[in-house]
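Colleague: Residue numbers (the working numbering), protein chains in the order written: chain X, 1 to 343; chain E, 1001 to 1310.
Everything labelled a hint here was simulated from the structure, so no lab data went into it.
Check the hints yourself; a few may be wrong.
To be verified - Calculated pairs, SDA-like style, for lysine to any residue (alpha carbon to alpha carbon, straight line, at most 25 Å):
{"#": "1", "chain 1": "X", "residue 1": "Lys-132", "chain 2": "E", "residue 2": "Leu-1295"}
{"#": "2", "chain 1": "X", "residue 1": "Lys-132", "chain 2": "E", "residue 2": "Phe-1049"}
{"#": "3", "chain 1": "X", "residue 1": "Lys-87", "chain 2": "X", "residue 2": "Tyr-64"}
{"#": "4", "chain 1": "E", "residue 1": "Lys-1126", "chain 2": "X", "residue 2": "Lys-132"}
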Amino acid sequence: MAIKNVSAVPKAERASFWVRSRDTRTAYMYILPAVLVMAVITLFPLGFQIYMSFTDYGLKNLKYDAPAANWVGLDNYIHILNGDTIKNVIPSFDFVGTLTFNLWWALSNVIFHVVIGVLIAVLLNIEGLWFKRIYRAVYILPVVIPAIIIATVWKKIFDTDTGVFNILLGFFLGPIGLAKNVNGVSIVNIPWLENSQGDFMWLPVAYYALLFTNIWLGWPLNSVVATGALQSIPKDLYEAATVDGASGSQQFFNITVPMLRVAMIPFAVYGFITTFNLFHLSYFMSEGRPFGRTELLVTQAFKLVNVNQLYGIGAAFAIYMFFILLTISLITTRITKATASAD
Amino acid sequence: MTVDATAVQTKAVTSAEIKMKGAIGRPLKWYKQLLYQALCLFVAFTVLFPIAWVVSQSISTSKRITGFLPEGAITFEAYQKVLDKPTTNPISFIELTFNSFKLAAGASFASVLLGVSAAYAFSRFKFPGRSVVFLAILAVLMLPSVATIAPLFAFMNRIQVGEFNLRNSLWGVGLAITSGLLPFATWNLKGFLDTIPKDLEEAGMIDGANRNQIFFQIILPLSTPALAVTALFGFIGGWTEFYFSWQFLTNPKDFTLAMALSQMSGQYARSTPWDQFCAFALLVALPVSIVYLALQRYIVSGLTAGGVKG
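Generate the whole structure from the sequences, applying the supplied hints.
Modeller: Okay, here's the thing in structure tokens:
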């Protein structure tokens, strides 16, 4: 009976296509400006990049009335891997070496960033510590200074003859006779960023100078994020632990560390990709020296185009970078998800 | 019954006691306070050291580098010189600043304007092609903008109208910067818009507002903090942008602050006095640093909203 009644209700007239698609049309209207602009200034160049990577595009093809570049197939991709012909122009070119260094660079930095960031966040979270606000304000300073300034200033700090880093070392090493005296200033002459010098633990000294600078630059933001995470840990957990008689270090490793891990891992992944693509330090400070060993993929990509005008090879290089970054983010997404579900 | 009550009472007292302790703040033992203060001061020293050194050099009368403290009397001569003639190129500090400002403000404004409209569509509508276009934006986001320099250069260089070459102009650099900023703006703003409750819009619709009215009168005002943070990020990006301008621009009249700074410290600029270099670095860093510092709290929350919701 009831069923009959329902079926007896006359069906609402099906809305016309024009009415039904109204939301879709509105959506397209909102998205259109961005898509149009991106199509012209991002997607078209990316498509053009793919085309360029299969040609010998160079200076000769740049002018607006120039002939089209010659099709060379996969030559650029192969040259990048084995270094043929590129080494005539850039003797130190080494794709696999740069990629390996780049991965190690990002990994080593992120480890320091996260560990120091968390430790200092914990330090500033200690109950009863004086001047917390002042310290928090001071510690954020490296984040607010533009990267290009940081890189150029630190380059001067690591200068061989006049850099304040060597002067500082001279101040400590002078009294034990390991520094020399220049104009009354005791100074050590370590060529941190210069061309030819020895290695320390398989890596050029310039790497350590860059690492030092980037640790200085990177931990404060990690500390901010860790502070946020620390303050969101419910206080009851610590209260319960105190009641149960857990010591300070037990509380740190059994409550703080696991709770922080959830917040810090996604940020560490973000930091890894940012550091992987960190242009300014490598480009301005070490300039890739010695022998291109502190070159990153981004700086190498820039130099291929800017200094050497190898547009075709530069395009193929960028395509490689794209796939490398895609792989990295797929792997890191999996790691993030895996650790999230484990908790 | 009685036992239960006592147990509950004991528990309540304990947690109240602890809460009270927490509220007062357990005073640290003096040697612990001393140790932690020493640690904090050491960290503050490492953070401030390079900054203080730059300030000290910029007001030093000595032309050579001497160490930490400024040598001789304090002077602002270096600032004066930089403001008069920052580089060997015939361009003044004001012109450099104006060029940087045009790039930064223009690219930041364009990316936020286009980004928020697209972000609204992605956040609120289901439409054919939605996931494909959004994935494309995410894919572009992954590639650092340096990597698109070859095709952008080649493509814009072919656009020549009379004397005007798109590549060799602030317009071209501005477009290149915008192409780097737009995917980030769209993604970050979508993350924020996702956190705005839909009820607000539904209430607006019941009151008879159409989509555009909702967007302009409800969504835009509510997302002001996120818009401001995204715009600020874009502005800082444009203000210190280096590689596109360095690669694209050849006319000194178009040069930017970042280009001048790199010219002063580059390997062909050994003759640049350190005091002037330091003064210039401070003049470039100061405005954005102050803004950043003032808006720090909003920046962190504006970013994490987008990051968490992705």
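Colleague: Of the hints stated earlier, which fail here?
Modeller: 3, 4
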